[in-house]
Every structure is written in C-alpha cells, then in structure tokens.
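**Q** If you're matching them up, the sequences are chains A and B in order.
Taking my numbering, the leading residue of the first sequence gets 1, the next gets one more, and so forth.
Taking my numbering, the leading residue of the second sequence gets 188, the next gets one more, and so forth.
It cannot be assumed that every hint is accurate.
Pairs of lysine to aspartate or glutamate, EDC-like flavour, derived with a Cα cap of 16 Å [unchecked claim]:
1) B/204 <-> A/126
2) A/90 <-> A/50
3) B/204 <-> A/49
4) A/160 <-> A/135
5) B/204 <-> A/155
6) B/204 <-> A/147
7) A/90 <-> A/32
Partner residues aside, some chain B positions facing chain A, computed with beta carbon under 10 Å [stated by the list, open to error]:
8) 192
9) 198
10) 200
11) 202
12) 208
13) 211
14) 214
15) 218
16) 219
17) 221
18) 359
19) 362
20) 363
21) 366
22) 392
23) 394
Pairwise CB distance ranges, derived in the manner of DEER restraints [stated by the list, open to error]:
24) A/177 <-> B/224: 45 to 51 Å
25) B/227 <-> A/162: 52 to 58 Å
26) B/227 <-> A/130: 55 to 61 Å
27) A/93 <-> B/227: 43 to 49 Å
28) B/201 <-> A/169: 44 to 50 Å
29) B/365 <-> A/61: 55 to 61 Å
30) B/217 <-> A/111: 27 to 33 Å
31) B/191 <-> A/86: 19 to 25 Å
Since the hints were derived computationally from the structure, they do not count as laboratory data.
None of the values given here were measured: they were computed from a predicted structure.
In this text, a Cβ means the ideal position worked out from N, Cα and C, and glycines have one as well.
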Amino acid sequence: MNRSVTTSPTPRPPLLTAHPGTFEALYEAHFDFVFRCLRRLGVASANAEDACQEVFIVLHRRLLDLRADASARAFLFGIATRVASEHRRKQARTATLELPDDVPALAGATDPFVAAANAQAARQLERFLVALDADQRAVFMLVELEDFSVPEVCEALGAKLNTVYSRLRLARARFVRFLSEEGVPRE
Amino acid sequence: MSSDMNPAARRVLERAKAAQPRAPEGMRERVRSAVLEAVAHPNSSPGSEAGAARSSVTARWLAKPWFSVTLLMLSGLGLAGVMRVTSSAPPPKSTAPDPERLTTGPEQPPPGVPSSEPLAPAAPSQPSLQLSAASPERETSAAPAPDLRAEMAWLARAEAALRKRDPSTALRELEAQRARFEQGQLRAEREGLELIARCMLGRSVSPALASYLASAPDGVLVARVQRACRVTERR
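Here chain B stands alone, though its shape is the one from the complex (with noise of 0.2 Å):
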C-alpha cells in the first residue's frame, strides 16, 4: 500500500505528523475536571444538553399564559366535550353522572373564591383540571400568579357546566369571574365561553359575537364559538 504515495507525500505527512495539533495548555485538566463531575452529576453533563434545551422550550411554553389556558381547556374537554357542546340542540338535562366527566372531576374553587353552587359530585382523585394549571408550576420558575391561576380556576368550573349541557351555571360563574377579573388577563377565553353559553341557551349574540371574532381572530375558542353559534352555517 505504501507504494500508492510518491516519497515527497510520505514527506509532507512527516512533517504535518511533527506538527500535529495540540490541545491548548490546561485543557486537559479542564475537561477531566468537567468529565468527573458531569459523571456526578448527570444532568448538567453536555451530554444532556439537547434534553436540558427540550426541557427549556418546554418551560417557555408553559409559561405563556394563552398556552397554560390551551392546556386547560383541551385537558378539561376533550374532542367529546367539544362535540356534545357544538350540538345544535342541547338535549334533556341528565341528572346521572356522566362517566367522561369523572376524568376530569368536579372544579373546586380556589382559595377565597367563592363558588355559586356545587357543579359535580366531589371524585376522590385529584382533579385533572387543577392538575393541568399547576404542573406549569412546578417546571417553572415563570409560573401563573396567584391571581391567574383563580382565573383558571375559574374558566374551568364554567368549563366543566358547559360539558354539563348547564349554560345557565356557566354563564354565572362567567359573570362572577368577570366581576373579580374585568380586566383578567384571559378575558378573551371568558368572552368566547359566555358566547358559546349564550348561543346554547338561543340568546341572541350577534354583537357581541361580531366584536369578539374581530378582537380575537386566532383565539383558541374562536372555531368553538362559531361551531356553537352556527356562524358558518349563517355565512
């Protein structure tokens, strides 16, 4: 093999072997320093790096309060949920426990917020509901203040009537979290709901319809308010 290169190769090659590249002074102590201790500790190794930087996204992403509120939203429903409000004709209210409706519990109010009736039966596990607001909590430091996370609460009790076909109850505990929150900061999901609580009980919510599709065009609720207030059908 060593008759495919011509002796000034085998040269040149000598001579860059002299000159190979060496790691900087230090180096090497650093990275055996950094090497053990990543091995201590693994989580803080490089090699973590892509997971650390997957947690991280994760992290800002729970902390946006519109992405929080999503979670919330579609934890508490589910596509059942959002079909049965998006029937045209609400049928007749039952008084058996729905079984879908256990997976997500009854909605307790939170700490000094009173509640205006008792919506569910209370389950013995952990609600989902509270789950889903407080799990951005404890993965970050940005975590929903106190104040937004009685909002949540708060969107989610109205959540879980609607689910019961109750629009009557969702619209006062809408009314209610208006009354401590007119300036909340997820006004938007509060106006989409009462308009869909509205539209199930027939009431007439053209302007109001009208001013919320144009103030919040891309609104997480935005396809659920013109599914429950037919606003395609009308077009």
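Bound conformation, chain A alone (with noise of 0.2 Å):
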C-alpha cells in the first residue's frame, strides 16, 4: 500500500487555513492595516488598490506559510513591505512619489476643531515618516501607529529584539527633533 500520498513529510504546527473561513476573517480584519501600511511605506494612493490587491493575493497563496501561533498582522506587513518595495520603485520611475492625501475629511472627529488638528498632526506625522529610512520607519510605524508589540515587530522584519528597540529609540528622538524643528511646543 502506498502510503506517501495521505502522508506529510514533515509535521507543520496547526495551521490557520484549518478554519474554513479564515482568508475571509484575515481580509476582514486587516484590510484597513494593509492600506495603512501600503500608504505610509510610499506607496502612491493611486496605486493602493493594486497593492492591497497584490497583498492579498499572495496572503491567498501563502496562507499555508502562516502558522497558527503567528501573528497575522506580523505576516501581513512583511508582504506589504515587499510589495510597498515593488511600487516604489515603479513609482520612481515615473516620479510619482507624493505624500498621503486620503486623511479623512473629518479626520476622525466631529468636532470641526479637532479634525482640523488632527489632519495637521497626521501631515506632520506623514512628513516625518517620508523622510525617516525605511528601517526605523518601519519599526515606528509597527509600534507607535500600529500598536505592535515589540517581538512582533521583530517577528514582522525578521529582526532581532536589540536591533528593533535601537531602530525605535532613534526613530522616537528624530520625531521629537523633527516636530522641535516644525515649531511643535514640547509641553
């Protein structure tokens, strides 16, 4: 009896794709993060809907990578990155690089006020993260705007621990110098 078609080589931890439902609970509950990475890693918002297309496509494909015990969002971003890195460069060759113009009209306040301070900060914010490198924008973005733990950043990039809280600390005291230089009081 030939036994190697019903078994595996190699035992794999359980694996997310065990849940029949899970591209859809994935798609559901990171696509706004996707788009958020898309956008702060440079990629042109004319071209977000093609990235985030790509991101999921290969999320699709690789679902089968994507243990049970990993975090989804870790994964997630390291395609983003890779697929962030693509359209960059494209968009270089076209010249097309250009800030985040999709803040929200409100801003995420109703308070007319507030939203207008809001949009401002998220402008400074983006500002300051086009002109970080792509490491330590990564590192602060994942932990500052994405609530990432700091192992989970390094399971993200692939980085060791030392390494990501280095990246954050400079990255931090460049955006405190970076608002000092815009006129941002420090109190």
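Reassemble the complex: the two chains are provided individually, in unrelated frames, and hints are given to aid placement.
**A** Written out as structure tokens, the structure reads:
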C-alpha cells in the first residue's frame, strides 16, 4: 500500500487554514491595516488599490505558511513591505512620489477644530515618515501607530530584539527633533 | 521606552492616529472581488504582471519578421554549420547522412510550393526548422503571414542545402524563391544566402557583394557572407 500519498513528510504546527473562513476573516480584520501600511510605506494613492490586491493575493497563496501561533499582522506586514517596495520602484521611474492624501475629511472627530488638529498632526507625521529611513520607519510605524509589541515587530521584520529597540529609540528621538523643528512646543 | 518621547510628541501621535489614512469608499469590496477573481484565474492576477510583461515582450519580438528569420537561421544552422559553410575549401561531397543535419531534419516545401529536388531523407520527427517558424504563430496574434512563412520555408531549404555543402541546390532554391517573391520581405536574407552559395562555388561576386554590404550593413547574414567570401582577407 502506498502511504506516501496520504502522509506529510514533515509535521507542521496547526495552520490557520484549518478554519474555512480564514482568508475572509483575515481580510475583514486587516484590510485597513494593510491599506495604512502600504500608504505609509510610500505607495501612491493611485496605486494603493492594486497594491492591496497584490498583498491579499499573496496572502491567499501563502496561507499555508501562516502558522496558528504566528501574528497575522506581522505576516501581512512582511508581504506589504515587499509589495510596497516593488511599487516604490515603479513610482520612482514615473516620479510620482507623494505624501498621503487620503486623510479622512473629518479626521476622526466631529468637532471641526479637533478634526483640523488631527489632520494637521497626520500630515506632520507623514512628512516625518517620508523623511525617515526605511528600517526606522517600519519600526516606528508598527509600534507607535499600529500598536505592535516589540516581539511582534521582530517577527514582522525578521530583526533581533535589540535591533528593533535601537531603531525605535532612534526614530523616536528623530520624531521629537522633527516636531521641534516644526515649531511644536514640547509641553 | 515611552520616556523617549515628550508629551507633545505623544499628543501629535494620538491626533495623527485619529486621522489615519482610510481606504476610499468601495475599495474594500473591489479589492476583495479582484482578489477572488485573480485566485480563481491566476494568469490574470497582478501578481503575474511581470510574467505577462515578459510574455508581451517576447510576443512583440517574435512578431518581427527579421527576428523570426534570425531564429530560423540560428536553429537551422548552429555554430557547427556556420563553421563548415565558412571554411575556405569545400570538402568532397559525402553521400552519407550527416548526423548533425538530422537534428534539423529535411525541409518540406510549404503547401502549394514546388520543391526542385529532395534534399534529405525524411526524418520521423517534426523538423525543428518548421517548428521555429511556426512557434511565433502560436504565441502571438501578429504571426507571419502565409507568404512570409513560405518565404521562410524556402530559405530554410536553401540553408539546409548550404549546410550539406551543396551550394548549387541552394542557388536553385534561392532562384526559385526570387522568382516567386521578387519583392519579398526576406529579400536581404535571400541575397545574403545567394552570395554565400556563389562564394562557395568560387564564382565572382564583387558587384553583388559590394551592393549587399552597402544595402544591409547590419544584416543578420553579413558576418557569414564576409567569412564565406573572405572579405576581411581581401582587405
């Protein structure tokens, strides 16, 4: 009897794909996260839809690589980083580098003054992120804006803990300096 | 780690987080549909853009008649064939089948095109020269027109004759091709092969050679013609 058909050569941890609704669940839970990451990683708004599509196509194909004990956000960020890198290369050829322009009209507030302050802060942040180098930007973005834990960032970036802490410290220091240069009072 | 940032910086971050970029209306559903469609039909996905672009570039190149002819020549001849054609003194004609020649197989005349004489025994497999000419047709809608295919087939037969060190047969094929396709698209290639055949026969080709080299300085056969006719040695 040939058993090789029904047995796997290497046992693996349980997969998220054991659940039939996994892709849908991941898509629903993380679509906005992927969109934000792509925009902050430099994908132009005109290309964001295509880039999102590419990320989720890759996710669909690589669901088997996603272990049950892994962070889905970290996994998605890894894919988004590569997709964004490809898009940035294409954009560089067509010179369409731009700042994010899809800050919501009310910027997360019903009070127009608060909304204006929020929008201004968002634009300051985006200007800062554009100027930051890619490694520090990824760490700063994930920890400060997406509430990743540092170990989760390590998993997303495949970097060591000390490296991530070091990048985070440097990025924070640069952010403080940037705000100071922008005229934002320290208190 | 929080002590790295002052309260003002924290406040800016909190405000910025309240105004995070959001996907435009309807994008979530559009992307979902597109992803499911792409997964169902992998060849149309953006993930295969690079492959599609490569295929498109290949198709564009294969659509060029001169490129198809170059492929035809290269597949039909091979380096060994080129070396033999360009040797200074033709060796005695052999009646034994050449093993290398069998790799390209005999050239069959295209439908409706008469063949002056059989050039080689029939091989059991499909001749690779015909495959070379036909493969672009399968890959691109801009495939060679029937006339162009007939021209290519005729040239392939002439090439085969040259490879067999039979320039007389090659010349007959080329003259027949000239009669039928006087203004054909492969005229430069035909003239190049004619010059090679004449030089192999030891005929004088000076005026035609000068004219050919002047009219097609970048032609695919120029180097072969120069070698066959020893242009460089004369200089």
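**Q** Flag every earlier hint the structure violates by its number, smallest first.
**A** Numbers 3, 5, 7, 18, 19, 20, 21, 22, 23, 25, 26, 27, 28 and 31, in rising order.
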